[in-house]
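My request is simple: use the sequences and hints to build the entire structure.
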Amino acid sequence: MSPNLTLAIVAGALVACGVYLITERSLSRILMGVMVAGNGVNILFLVASGRAGGPPLIGVTPKEDMSDPLPQAFVLTAIVIALATAAFLVTMAYRSFQLNGHDEVADDVEDARIRALALADEASDSFEEIRFSDTGVDVVSE
Amino acid sequence: MVSAIIVAHLAVAMCAPMLSSRLGARGYLVMAAAPTVAFGWLLTLAPSMTAGGTYTESFTWIARLGVGIDYRIGMLQWLLALIVSGVGALVLIYCRWYFAEAPNQRPMGLLTAFAAAMLGLVTVDNLVVLYLFWELTTVFSYLLIGYDPTRRANRSAALTALIVTTTGGLAMLVGIVTLGVLSGTLSLSAILDAPPNGPLATTAALLMLVGALSKSALVPFHFWLPGAMAAPTPISAYLHAAAMVKAGVYLVAALAPAFATVPFWRPAVGVLGAATMIVGGWRALRQNDLKLLLAYGTVSQLGFLVLLSGFGTRAAALAGVAMLTAHALFKSTLFLVVGVVDHSAGTRDLTRLTGLARAMPLVAVIGGIGAASMAGLPPTLGFIAKESALEALTYLVEYHGDGTGLTPALAVCLLAAVVLGSMLTVAYSLRWWWGAFADKRDVTAPEVHRPSMGFVAAPTLLAAASLAGGFVGPPLTTLFETYATTVPGGHESHGLALWHGLTVPLGLSLLAIGLGAVLFWQRDAIASAQATFPVVKGSDELYNETMRRLDVLAVEVTARTQRGSLASYTAIVLAVVVLLAGGALLWTVHWPASVRAYDYLPQMLVGALIVVAGVLAATSRGRVRALLLVGVTGYGTAVLFLMHGGPDLALTQVLVETVALIVFVMVLRRLPKYFTTRPLGSMRWWRIVLALCVGLTVTLLALVAAGARVAQPVSVDYYEAAYSFGYGKNIVNVTLVDTRAWDTIGEIAVLVVAATGVASLIFLRSRVQRVRGREGDPAFGARGMWLRASGALDPGSRSLIFEVVTRILFTVMMLVSVYLLLAGHNAPGGGFAGGMVAGIALMLRYLAAGRRELDEAAPFDAGRLLGLGLALSVLAAVTPALLGGKIFQSYDITLVIPGWEYLQTPFGTWTLFGEMHLVSSTIFDVGVYLIVIGVVLDLTRSLGAGIDIQSEQDQAPVPQPESTRARPAADVSPTGSPTGPVGRAVP
Chain A
258 MSPNLTLAIV AGALVACGVY LITERSLSRI LMGVMVAGNG VNILFLVASG RAGGPPLIGV
318 TPKEDMSDPL PQAFVLTAIV IALATAAFLV TMAYRSFQLN GHDEVADDVE DARIRALALA
378 DEASDSFEEI RFSDTGVDVV SE
Chain B
76 MVSAIIVAHL AVAMCAPMLS SRLGARGYLV MAAAPTVAFG WLLTLAPSMT AGGTYTESFT
136 WIARLGVGID YRIGMLQWLL ALIVSGVGAL VLIYCRWYFA EAPNQRPMGL LTAFAAAMLG
196 LVTVDNLVVL YLFWELTTVF SYLLIGYDPT RRANRSAALT ALIVTTTGGL AMLVGIVTLG
256 VLSGTLSLSA ILDAPPNGPL ATTAALLMLV GALSKSALVP FHFWLPGAMA APTPISAYLH
316 AAAMVKAGVY LVAALAPAFA TVPFWRPAVG VLGAATMIVG GWRALRQNDL KLLLAYGTVS
376 QLGFLVLLSG FGTRAAALAG VAMLTAHALF KSTLFLVVGV VDHSAGTRDL TRLTGLARAM
436 PLVAVIGGIG AASMAGLPPT LGFIAKESAL EALTYLVEYH GDGTGLTPAL AVCLLAAVVL
496 GSMLTVAYSL RWWWGAFADK RDVTAPEVHR PSMGFVAAPT LLAAASLAGG FVGPPLTTLF
556 ETYATTVPGG HESHGLALWH GLTVPLGLSL LAIGLGAVLF WQRDAIASAQ ATFPVVKGSD
616 ELYNETMRRL DVLAVEVTAR TQRGSLASYT AIVLAVVVLL AGGALLWTVH WPASVRAYDY
676 LPQMLVGALI VVAGVLAATS RGRVRALLLV GVTGYGTAVL FLMHGGPDLA LTQVLVETVA
736 LIVFVMVLRR LPKYFTTRPL GSMRWWRIVL ALCVGLTVTL LALVAAGARV AQPVSVDYYE
796 AAYSFGYGKN IVNVTLVDTR AWDTIGEIAV LVVAATGVAS LIFLRSRVQR VRGREGDPAF
856 GARGMWLRAS GALDPGSRSL IFEVVTRILF TVMMLVSVYL LLAGHNAPGG GFAGGMVAGI
916 ALMLRYLAAG RRELDEAAPF DAGRLLGLGL ALSVLAAVTP ALLGGKIFQS YDITLVIPGW
976 EYLQTPFGTW TLFGEMHLVS STIFDVGVYL IVIGVVLDLT RSLGAGIDIQ SEQDQAPVPQ
1036 PESTRARPAA DVSPTGSPTG PVGRAVP
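Top line first, the protein sequences correspond to chains A and B.
Throughout the first sequence, residue numbering follows our numbering, covering 258 to 399 in sequence.
Throughout the second sequence, residue numbering follows our numbering, covering 76 to 1062 in sequence.
Hint data in this document are derived by calculation from the structure and do not stem from the laboratory.
Because the structure is a prediction, the values reported are computed rather than measured.
Mixed in with the good hints, there may be bad ones.
[As the list claims (entries may be wrong)] Here are the simulated DSBU-like pairs of lysine-lysine, each with C-alpha atoms no more than 35 Å apart in a straight line: (1) A:Lys320 to B:Lys961; (2) B:Lys961 to B:Lys804; (3) B:Lys804 to A:Lys320.
Here it is in C-alpha cells:
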C-alpha cells in the first residue's frame, strides 16, 4: 500500500505543534496542545485507512470505491471523547485560576522535599532508629 | 487430622473479632479449645510414638512442582507439637485474665492463628510448605509485637523482628530450593534419608542454618529478641520463649542427623551457640526489667539449645531434646509469672519491687520452681536436662571428640564455655527471683492486689510439669532415645536421671551453681565492673546503620528519578518515543516502495492551512487567538475527513469543534488575555527540538507502518455484514452501534464521567443542579415574547436579532437532530451527530437569553439525561441476551400500518409510511443521543450558567489588566444551584 504523503506530513506537523505546547507549564496551553496533537493523530487514521474513496454507505458507493469504514468508527469515538476530556481540562484550568490566580502546573511539593532530604543526605520520615541495647535502661516499656 | 486441626484453629481465629465484641476477654477461653483439641489428639498418638512409629498424612497441592501438603510426625515433631499446643492452650487461658481490661483484643485471633501456623511448621514434611508456615509465624509475630502501633517501641521492634527473620528465611528458601533440586524431592524425611553431598549441598545446608539461627535469635541476629519484649507478656511467653524461637532449634535438630558432618556446620553451631550463651547470660545480669532479663536469658538458652541439638552426637541430641522441653516449660512459667507480678504490683522493674513473696506466696513458689529449673537445681527437669548436656560435652573430651573430630583442646574450651554459661544462668536466675519476690531495703513496697486463681492456673500447671519432669527421667529417656538414635555418631548417653552417682557432670553442675551463687552474691561488684566495660558496636548498630543507609539510598533514588515536574515527565515519555520508535526506523528495511503525494490536490491546500494554523496556535500568546487557531485546525481536519470519504466523521468533527469553541469561550471570558509575558528561556529551544523530533518520528512511522501493510483490512467483510446482521446501510454507524458496540458503551461511560467531573469542579458540593421554574417570577416576560427568559438579562446585553433567530432556529435544529438520529443507520448521521445538534440548539438558547432561558429550554438536571441514556444503552445491549440472542444482537422489526402504507391520489400512488424497518440497535443509538445531549447541557450549565453565578457572587477569578495572572476568587465555598443567586436577588 502506498501511503498518502501529504496527510502523513500534516499529521506529523500537528503532533509537533502539540508537543511544543504540551511541554508548557500553563494548563490551558497544555490543553491546546492536546487538542492540536489530537487532530494530528486523527489524521494518522486517514493515512492508515488507505486510499480515499466514497462514503461507506451501501447503495451509494459501490463496494470497491468505498473508503475504509473501520478507522472512521475509531476516529468518531475519539473526537467525542476528546471533547469531553478537553472540557474537563479547561474546567481544571478555570478552577486553578479560581484558587490560585494562575493555571501553571506547579512542581510537586513533596518531591521537592525529598530532594532537599537527598541534598542533606538524610533519611526519610519513615525511618525510625531502633534503640533497645543492653544499657539496662528500660526502653521496652517506654 | 492435622489438616483438620489446623483449619479448625484458623476457623476459630476468624471468629475472634466477633467473639471479642460479644464476650470480651472471655473469648480467649473459646480460642483455647483449638490447641486443647490438638493436644488431646497428639496424646492419642503416644503409644505409636513411644514405639518409634510415625504418623503421616498427605494432600496433593501443586503436584507438578512436587509441593504437597504432607504431614509426617515422628518423635521430634510430636514433642514440639505437644509443646506448641499445650503451652498454646495454657497461654490462651491465661490471656483471659491478662487482657481482661485491655483496650483491644487483637491478640485473640492472631495468637490462635499463630498456633495453627506453628503446629503446621513442626509437623509438615514438605520443605516448601514448611517455609510457608515458617513465614506465617513471622508475619503473625510481626502483628503481635506491633500490638500497640502507637508506641514507637512496638513499631520498631515488630519491624526489626520481621526484617531480621525474613532475611534469614529467604536464605533458608534458597537452601530449600537447592536441596530440592539436588535430591529431586522436597520431602524433609526423604532428604534426611538420603542427604545429597558436594559443595552445593553444603552451601544449601548452611543457608538453612542461617534461617534457623535468625529465627532463634543467635548471635549475630540476637538483637531482635529483647526488642520483641515490647509485645504483651503472654505473647512473649508463647512466641519468644516456648514456640516461635524454637522453630530454629527444631530445624537444627531435624537437620543435624544428616547434615552435622558438612563442613562449617559444627564450627558455626559450636562457636555461635557458645557465644550466644555467654553474651545473653552476661547481659541478662544487668537488666532491671524482669521481662528483659528473661529475654536475654532466652537468648542465652537458645544458644545452648542450638549448640546441643546441632552438634550431632547421640548424647548431645538426647540432651538437646530434653533441654528444649525443659526450657519451654520453665521459660513460659517465668514469663507468665512476670505477667502476674506486673498486673498485681503495677511494675516489673526489680528496683521497685519488694516483699512480694509474702504478699503472693503461691506465685513466689511457682516462680521459684521455674527459676530453679532454669538454673538447673535439683530436682527439676532443668537439672536432669543440664546434667545430660554436661555429660554429652564431657564425652567430647573423654572420647576424643566423640566421633566429631573435635580436638581435645577445643573440646575443653567448649565445655568451659558451657560451664561459664551455666554459671551465668544460675546468677541471673537468682537475680530474677530475688528481683521479683525478695525483700529489699530502701524500697517502698508497691501496692499489691492478689491475682485471681484462674490467672495463676496456667503458670502453676507449667511449673508442676517442670517439677514432675525431674522425677520421670528414665521414661523420658526411652522416649527421646527414639530421636537420639537417628544421629549416626557418638556414644550412648547414660540417660536422664536425678542421680547417676558422683560423676564429672555432677561436679561441673555444682561448680556452676556455686560460682553462680557467688556471682549473685557479689552482684554490686559485678555491676560496677560491667559498667567499666567499653561499649562495643554490636550487630544491632550494624542493623540500624544498614537500615538508615537503605533509606538514604531510597531518598537519593527518588530525588533523582522523581523530579515532580509534569513538563519533564512528558518530555521523558516523548523522548523515549523518539528514541525507541525513531531508533526502530533507523534499522528498518521496510520502507514503502512508493508514496502518493495526495489523493486530491485540495488536500495539500487544506493541509497547508492546517499546518500554518497549528504553528501559529503554538506560538500565539493570546488565549482567544490560540483557541481560534486550534479551531481552524479542527475544521480543516473535518474537511480532510470529508475529502477522504467520511461524511459522518466530517459532520461530527464540525459539530464537536463548534461545541468546543463555545465551551472554551465561556471559560476564557474569566481568564487573562495572555498566556505569558515571560521572556522565552533556553528551554524553548529544547522544546522545539523535541517537538520536531516527535513530529518527524510520527510522519515517518505513519509512512512505514501504512506502507508495510500487505493484508486485507479487517473491515473488508463489513460491507456484507453491515446489512445482513446490522440491517443498516451506513457502515460506520452500524460499526458503532452493533459491530463494535462494546467500544461505544465504554466511550459513553467516559462521557458521563467527564461531564460529571466538570460539573463537580464547578459546583463542588453536588453534581445535581436544581432547576427553577418560572412560576411567579417577574423576570419572565409575557407569552409571545421571542425568548421568555430574556427579561432576566441586562437590557444592554440583549440582542433582538439573536433572540429572533434563536427562536426560529431552535425548533428546526431539534427536528434536524431527530432526523440525524433516525436516519443515521442508513445515511450520514447517528446518535453522536444528532445529540451534538440538539446540544448546540440548547447552547444557542443560553447564549441568546442567559441561564434562565436554558432552564426554560431544558427544565431538568443534565444528570437525568445521562443516567437515562446510559440505562437505555445498557438495556439495548442486554435485552437480546434475555431473549435468547447475544448481547448487542440487532433485530429488524418490520412495521406496516394497514391502510397507511400508500396514498392513492389522482396523480399516482404516493408512499405514505410504506414498509417501515425499525432496527433494534436504534434504541442503543437513542441512548448515545441522550448522553451526548446531557453532556453538552452539563457543560453549558456548569461553564456557562455556573460561571455566571460565580461571577455574580465574587467566586470567579478576576483577570488582572496587563498581567497573565488573575485575582483568585474571594470566596471559594461551593456554589449553590445555578438559579440560586437570582432567587436571592429577587424576593
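Numbers of unmet hints, in rising order: none
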